[in-house]
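Asker: Residue numbers (the UniProt record's numbering): 1 to 144.
Source of the hints: derived by calculation from the structure; they are not laboratory data.
Just so it is clear, the structure is predicted and the values come from calculations on it, not from any experiment.
The beta-carbon is built from N, C-alpha and C at its ideal position, and this holds for glycine as well.
Hints are supplied without guarantee of correctness; some may be wrong.
SDA-like, lysine to any residue: derived pairs with alpha carbons at most 25 angstroms apart [what the hints assert, rightly or not]:
(1) Lys-32 to Leu-43
(2) Lys-47 to Thr-33
(3) Lys-85 to Cys-107
(4) Lys-10 to Pro-38
(5) Lys-85 to Thr-100
Cβ-Cβ distance ranges computed for the label pairs, FRET-style [unchecked claim]:
(6) Arg-91 to Arg-23: 37 to 43 angstroms
(7) His-98 to Pro-123: 48 to 54 angstroms
(8) His-98 to Gly-118: 41 to 47 angstroms
(9) Glu-61 to Leu-11: 36 to 42 angstroms
(10) Pro-123 to Thr-100: 44 to 50 angstroms
(11) Arg-91 to Glu-66: 16 to 22 angstroms
(12) Gln-81 to Asp-22: 58 to 64 angstroms
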Amino acid sequence: MGITLVSVSKLDVTGYVALFRDRCQIFNARKKTVAKIPMQKGLYCLKRARRAFTGLAKATESLTMEEIHIRLGHIAPEAIQCMLKDGTITRIKLDEAHPTMGTCNSCEYAKATRKPIGKERDPPRHEHLGDKVHTDLWGPSLVQ
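Taking the hints into account, I'd like the entire structure generated from these sequences.
Answerer: Written out as structure tokens, the structure reads:
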């Protein structure tokens with residue numbers, strides 16, 4: 001169940017009046033009662049049944065594979081095919097003119113990886129002790 005917050009200042013500005021006495025009563029500018037809200041646990045809760053408004057929803061929507069891929073969070077096209085086949089996705093029909101998709105730039109960018117680390121050293125490791133010597137030529141440093 002959802003909660004609707006009502007701003008008393010907005011009611012006042014728009015010409016409504018709120019009366020608080022054991023419950024909240026809201027009146028319009030003609031002094032007609034608009035709502036009676038009982039107090040429960042210190043709050044005025046307006047309870048009403050939720051109903052889904054489907055008046056503007058299309059029965060079925062025809063989308064390309066790429067549009068479905070983007071709407072469903074960039075899931076694999078094979079998974080979309082399976083979901084369409086077994087009825088997991090409802091009210092969406094795959095556009096027959098575009099049943100496949102090309103590459104998705106977002107998916108390619110997300111899958112970008114680093115170059116693999118080579119198995120061999122470049123240049124190869126020196127074979128004998130003393131072939132390569134690392135030294136510190138800086139010497140003592142002056143400290144102020």
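Asker: Between Pro-123 and Thr-100, does the C-beta distance stay in 44 to 50 angstroms?
Answerer: 48 angstroms, holds
Asker: Against the 25 angstroms threshold, does the CA-CA distance of Lys-32 and Leu-43 hold or violate the hint?
Answerer: Status holds; Cα separation ~23 angstroms.
Asker: Between His-98 and Pro-123, is the Cβ distance one that fits in 48 to 54 angstroms?
Answerer: 52 angstroms, holds
Asker: Given the proposed pairing of Lys-47 with Thr-33, does the C-alpha separation stay at or below 25 angstroms?
Answerer: 17 angstroms, holds
Asker: Is 58 to 64 angstroms a correct range for the gap between the Cβ atoms of Gln-81 and Asp-22?
Answerer: Taking Cβ atoms as reference, Gln-81 and Asp-22 lie about 60 angstroms apart, which means the hint holds.
Asker: Under the criterion that the straight-line Cα-Cα distance not exceed 25 angstroms, is the pair Lys-85, Thr-100 satisfied?
Answerer: With a Cα-Cα distance of about 15 angstroms, the restraint between Lys-85 and Thr-100 holds, given a limit of 25 angstroms.
Asker: Please test the hint of 16 to 22 angstroms on the beta carbon pair from Arg-91 and Glu-66.
Answerer: 18 angstroms, holds
Asker: Using the C-beta atoms of Glu-61 and Leu-11, is the stated range 36 to 42 angstroms upheld?
Answerer: 39 angstroms, holds
Asker: How does the Cβ-Cβ distance of Arg-91 and Arg-23 compare with 37 to 43 angstroms: does it lie in that range?
Answerer: Once the Cβ atoms are compared, 42 angstroms apart, the range 37 to 43 angstroms for Arg-23 and Arg-91 holds.
Asker: Decide if the proposed pair is consistent with the structure: Lys-10 and Pro-38, CA atoms, cutoff 25 angstroms inclusive.
Answerer: Roughly 20 angstroms separates the two Cα atoms, so the pair holds.
Asker: Lys-85 and Cys-107: Cα distance at most 25 angstroms?
Answerer: 24 angstroms, holds
Asker: Could you say whether the range 41 to 47 angstroms given as a hint is met by the Cβ separation of His-98 and Gly-118?
Answerer: Distance hint for His-98, Gly-118 holds at roughly 42 angstroms.
When each numbered hint is compared with the structure, no violation occurs for any of them.
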